[in-house]
Amino acid sequence: MPSVVLHRHGQVHQGEVKENTNLVVRAGIKQFPHPHLRYGCGMGKCLRCACRILKGAEHLPEPNWKEKARLGDDRLGQGYRLMCQIWFTHDVELEQDEAPLQPLAVPAA
Amino acid sequence: MSELMNPDDFRAALEKAIVGKAATKAPFSVAWANGTLSREHLCRWAENHYHYVGPFADYLGYVYARMPAHYTEAKDFLLHNMYEEEIGGDRHTDLLIRFAEACGTTRERVTNPDNMSATTRGLQGWCYSVAMREDPIVAVAALVVGLESQVPSIYRKQTPTLREKYKFSDSEVEFFDLHIVSDEIHGERGYQIVLEHANTPDLQQRCLKICEVGAQMRLLYTTALYWDYVAKDIPLNQLEGFQGQAQRELVKAA
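Residue numbers (the numbering used here), protein chains in the order written: chain P, 155 to 263; chain Z, 325 to 578.
Think of the hints as simulated: they come from the structure by calculation, not from any bench.
There's no promise every hint is true.
Claimed, not checked - Cut-off 27 Å, straight-line C-alpha distance, at most; resulting in silico cross-link-like pairs (DSS-like, lysine-lysine):
{"#": "1", "chain 1": "Z", "residue 1": "K491", "chain 2": "P", "residue 2": "K172"}
{"#": "2", "chain 1": "P", "residue 1": "K172", "chain 2": "P", "residue 2": "K184"}
{"#": "3", "chain 1": "Z", "residue 1": "K533", "chain 2": "P", "residue 2": "K199"}
{"#": "4", "chain 1": "Z", "residue 1": "K399", "chain 2": "Z", "residue 2": "K489"}
{"#": "5", "chain 1": "Z", "residue 1": "K399", "chain 2": "Z", "residue 2": "K481"}
{"#": "6", "chain 1": "P", "residue 1": "K222", "chain 2": "Z", "residue 2": "K481"}
{"#": "7", "chain 1": "P", "residue 1": "K199", "chain 2": "P", "residue 2": "K184"}
{"#": "8", "chain 1": "Z", "residue 1": "K489", "chain 2": "P", "residue 2": "K222"}
{"#": "9", "chain 1": "P", "residue 1": "K222", "chain 2": "P", "residue 2": "K199"}
{"#": "10", "chain 1": "Z", "residue 1": "K533", "chain 2": "Z", "residue 2": "K340"}
{"#": "11", "chain 1": "P", "residue 1": "K172", "chain 2": "Z", "residue 2": "K340"}
{"#": "12", "chain 1": "Z", "residue 1": "K399", "chain 2": "Z", "residue 2": "K533"}
{"#": "13", "chain 1": "Z", "residue 1": "K481", "chain 2": "Z", "residue 2": "K340"}
{"#": "14", "chain 1": "P", "residue 1": "K184", "chain 2": "Z", "residue 2": "K556"}
{"#": "15", "chain 1": "P", "residue 1": "K222", "chain 2": "P", "residue 2": "K209"}
{"#": "16", "chain 1": "P", "residue 1": "K199", "chain 2": "Z", "residue 2": "K556"}
{"#": "17", "chain 1": "Z", "residue 1": "K481", "chain 2": "Z", "residue 2": "K491"}
{"#": "18", "chain 1": "Z", "residue 1": "K489", "chain 2": "P", "residue 2": "K184"}
{"#": "19", "chain 1": "Z", "residue 1": "K481", "chain 2": "P", "residue 2": "K199"}
{"#": "20", "chain 1": "Z", "residue 1": "K533", "chain 2": "Z", "residue 2": "K491"}
{"#": "21", "chain 1": "P", "residue 1": "K209", "chain 2": "P", "residue 2": "K199"}
{"#": "22", "chain 1": "Z", "residue 1": "K399", "chain 2": "P", "residue 2": "K222"}
{"#": "23", "chain 1": "P", "residue 1": "K209", "chain 2": "P", "residue 2": "K172"}
{"#": "24", "chain 1": "P", "residue 1": "K172", "chain 2": "P", "residue 2": "K199"}
{"#": "25", "chain 1": "P", "residue 1": "K209", "chain 2": "P", "residue 2": "K184"}
What the hints assert, rightly or not - Residues of chain Z clear of chain P, computed beta-carbon distances all greater than 10 Å:
{"#": "26", "residue": "G359"}
{"#": "27", "residue": "T360"}
{"#": "28", "residue": "K399"}
{"#": "29", "residue": "Y490"}
{"#": "30", "residue": "D501"}
{"#": "31", "residue": "E508"}
{"#": "32", "residue": "W551"}
We treat Cβ as the ideally placed atom computed from N, Cα and C, and that holds for glycine.
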């Protein structure tokens with residue numbers, strides 16, 4: 155079972171989750187990382203769930219189209235990912251900033 | 325007289341009540357997963373699906389109003405669910421219309437109730453009826469456990485096909501992507517509420533029955549989509565992967 159370590163508010167929260175787990179889904183059903191993980195729309199738009207990956211990034215899938223559009227290359231390069239868009243299969247260590255990131259404006263289609 | 329089940333047994337019974345009638349077994353779902361539907365078929369799906377899911381916040385609003393005030397978590401869940409449907413991010417029906425337009429139909433056609441089938445009208449009416457008349461915990465069992473909790477498993481099968489076989493873009497299929505996350509939360513929270521508050525044998529039995537009926541209603545709706553719009557183009561005997569148990573379920577449901 156993947157181990158998840160979440161740094162937030164200067165504290166460290168740790169728990170195990172089932173393989174192929176989405177942390178926003180877990181928090182939404184009131185299981186770890188609830189109540190520590192901040193999240194919002196669950197659809198890759200608001201960025202409230204964004205975290206910086208400290209360890210375990212090598213096991214993650216490539217950022218999807220929403221992460222690319224909303225986070226942009228700079229923040230992806232700094233290790234930020236959207237927790238609502240990722241299903242974890244391996245151990246991971248994350249840090250969530252005090253203030254939510256602001257989404258990049260997406261040009262009208 | 326049934327005895328009160330413990331939460332594990334009750335949950336297993338709820339899951340069993342749904343699984344035999346799961347909409348993934350309907351021929352329309354099978355054809356979708358195979359990649360054999362045309363864009364015109366998908367237009368008709370969107371024009372019907374809008375009238376089933378479009379009023380979802382309305383259904384939940386009726387349940388919310390009748391949910392006892394001291395069931396605070398259940399009320400908050402319903403409110404949050406409504407919020408997400410309508411204003412939490414993009415309005416979910418707008419994403420459905422985006423997909424519909426990519427298929428070739430229009431916002432006007434999708435939102436026009438004259439374009440839904442009689443069966444879709446029946447499903448919509450059943451949802452309103454349950455929301456207004458059933459015990460609110462039984463209504464959560466019907467609408468959230470029986471219907472909404474099925475969505476992630478359906479869309480997990482259908483969404484890759486939309487990209488790979490039907491060649492829709494990421495943006496065009498966002499409606500399906502988002503429900504894989506949101507309805508997994510909603511479905512599971514629905515289970516939690518029903519497990520906690522269906523606290524008499526009678527209430528448990530009513531929840532089980534309505535879950536079964538809800539799943540049956542969705543299967544009926546999905547099956548009718550096939551007969552109304554697809555059967556003329558893809559007969560059952562030419563539908564790859566639609567055999568055996570699934571076919572028998574169809575006959576039972578029809």
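message: Hint by hint, where does the structure go against what was stated? Just the numbers, ascending.
response: 1, 3, 4, 5, 14, 16, 18, 20, 22, 30, 31
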